[in-house]
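2 protein chains.
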Amino acid sequence: MEKNDRELLPELLPFWGKLKEPEKKQIFDHTILNTYQNGQKIHGGYEDCTGVIAVKSGRLRVYLLSEEGKEVTLFRLLDQDVCLLSASCIMRNISFDIYVDAEGPTELFVVNAAVYDKLAKENPAVGNFMTELISMRFSEAMWVMEQILFMKLDKRLAMFLLEEANLENGDTITLTHEQIAGHLGSAREVISRMLKYFSNEEILSVSRKGIKILDRKRLTEFV
Amino acid sequence: MEKNDRELLPELLPFWGKLKEPEKKQIFDHTILNTYQNGQKIHGGYEDCTGVIAVKSGRLRVYLLSEEGKEVTLFRLLDQDVCLLSASCIMRNISFDIYVDAEGPTELFVVNAAVYDKLAKENPAVGNFMTELISMRFSEAMWVMEQILFMKLDKRLAMFLLEEANLENGDTITLTHEQIAGHLGSAREVISRMLKYFSNEEILSVSRKGIKILDRKRLTEFV
Chain V
1032 MEKNDRELLP
1042 ELLPFWGKLK
1052 EPEKKQIFDH
1062 TILNTYQNGQ
1072 KIHGGYEDCT
1082 GVIAVKSGRL
1092 RVYLLSEEGK
1102 EVTLFRLLDQ
1112 DVCLLSASCI
1122 MRNISFDIYV
1132 DAEGPTELFV
1142 VNAAVYDKLA
1152 KENPAVGNFM
1162 TELISMRFSE
1172 AMWVMEQILF
1182 MKLDKRLAMF
1192 LLEEANLENG
1202 DTITLTHEQI
1212 AGHLGSAREV
1222 ISRMLKYFSN
1232 EEILSVSRKG
1242 IKILDRKRLT
1252 EFV
Chain S
1032 MEKNDRELLP
1042 ELLPFWGKLK
1052 EPEKKQIFDH
1062 TILNTYQNGQ
1072 KIHGGYEDCT
1082 GVIAVKSGRL
1092 RVYLLSEEGK
1102 EVTLFRLLDQ
1112 DVCLLSASCI
1122 MRNISFDIYV
1132 DAEGPTELFV
1142 VNAAVYDKLA
1152 KENPAVGNFM
1162 TELISMRFSE
1172 AMWVMEQILF
1182 MKLDKRLAMF
1192 LLEEANLENG
1202 DTITLTHEQI
1212 AGHLGSAREV
1222 ISRMLKYFSN
1232 EEILSVSRKG
1242 IKILDRKRLT
1252 EFV
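Protein chains in written order, with the numbering used here: chain V, 1032 to 1254; chain S, 1032 to 1254.
Derived from the structure by calculation, the hints contain no laboratory data. Careful, some of the hints might be misleading.
If several chains are the same, the list does not tell them apart, and a pair holds so long as it fits within one copy or across any two.
[As the list claims (entries may be wrong)] The list that follows gives simulated cross-link-like pairs (lysine-lysine, DSS-like), each with its CA atoms no further than 25 Å apart:
id, residue 1, residue 2
1, K1152, K1051
2, K1072, K1149
3, K1186, K1101
4, K1183, K1243
5, K1243, K1034
6, K1186, K1248
7, K1227, K1183
8, K1087, K1034
9, K1049, K1149
10, K1227, K1248
Predicted, not measured: the structure shown is a model, and the values here were computed from it.
With the rest of the complex left out, here is chain V (with noise of 0.2 Å):
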């Protein structure tokens, strides 16, 4: 690692002013700073324990795939955010296979899963982290079940072009209906249909382009 990444890193680990220096250098010495291209699979199925992963820059997808490929988004991680489930051979009880894809360039720091269990049983500071960020995922995961379960589609599309939107810095969303029922855990279908919609009231227009979205205001009215 180059110094300034050496710097950027005890940044992204919040536990890393109750480290001991030959913790700190363990992890220096096991970390790796690892670049992806837009589309890129970084983590996926029971085979591979990738490591701890934290965003230098760039953005990630983090969703379940069933086995006839049908998807749905979980969460996203941003530029500075950490993610344990990508290293589920040293999370005791996590039963479940998450995927996760760059959407973007993406640079990543891998911190190598042995290194970082053996910190989490032997440092406190460490351990709590963990539970934190495993609260949080689980937190963030239930909110997409309560919106699967409980929130019409209608609503669930407008937030998510809305959030799209906002992740773009624009009005413009490049995603095919496929890749937005991926997201939702819908069917293409489904998703054309609901989108025809918004299109015939002159909310949104769609072309080959993508989405573009026209009346802001009434697509917040359906969240």
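We have chain V; now place chain S onto it with these hints.
Same frame as chain V, now just chain S:
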């Protein structure tokens, strides 16, 4: 607490052997044994911080509840199970509500949340148990989510009926169609239609008294 109960409680808390004597005393001094009747609400909503619960005997249902009254079962607690989500006030970053009801006569140890929190911060064994338990509940909830998202309802209903019959040690399920819909996050009409299909196939008999499994082998084929 009576002598028997003072002997039982340590068996339910895996970290007991790693507590110091004053810590053990703190738990004994701040734990009560409550009894509940079938259907009684034990925990629910943002308001209350019931405490850490450990099941002496009985059965509990842990579920999500929407503002419109729609339910979905996340998991059951049986004898000797421990649950921290009923002490969400001490779970930093847990931002969702769960509801817990007794299903049948139930005896519960309830450990004071603040006392438990203090121990978890001081004693790594208690903290580690917290991480493991939260990870386990996270996994159970994600399993339910994957079922809902990725699995067909006939399969889910067949699994549910077999599980319920096992819990009752018999072939009869005394839940209403409405209750089954609540467990599976579905609608009563959908469940009734599917039960009628199973009934027409002579896999089940459906009457006012409940649902009886007639052909366990064929029901299992749906799973």
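Cross-check of the supplied hints:
no., hint, in the structure
1, K1152 with K1051, "both (14 Å within a copy, 19 Å between copies)"
2, K1072 with K1149, "neither (27 Å within a copy, 41 Å between copies)"
3, K1186 with K1101, "both (21 Å within a copy, 17 Å between copies)"
4, K1183 with K1243, "within (22 Å within a copy, 34 Å between copies)"
5, K1243 with K1034, "neither (42 Å within a copy, 69 Å between copies)"
6, K1186 with K1248, "within (14 Å within a copy, 42 Å between copies)"
7, K1227 with K1183, "within (17 Å within a copy, 27 Å between copies)"
8, K1087 with K1034, "within (14 Å within a copy, 56 Å between copies)"
9, K1049 with K1149, "both (15 Å within a copy, 19 Å between copies)"
10, K1227 with K1248, "within (18 Å within a copy, 46 Å between copies)"
In summary, the structure is inconsistent with hints 2, 5 from the numbered list given earlier, while agreeing with the others.
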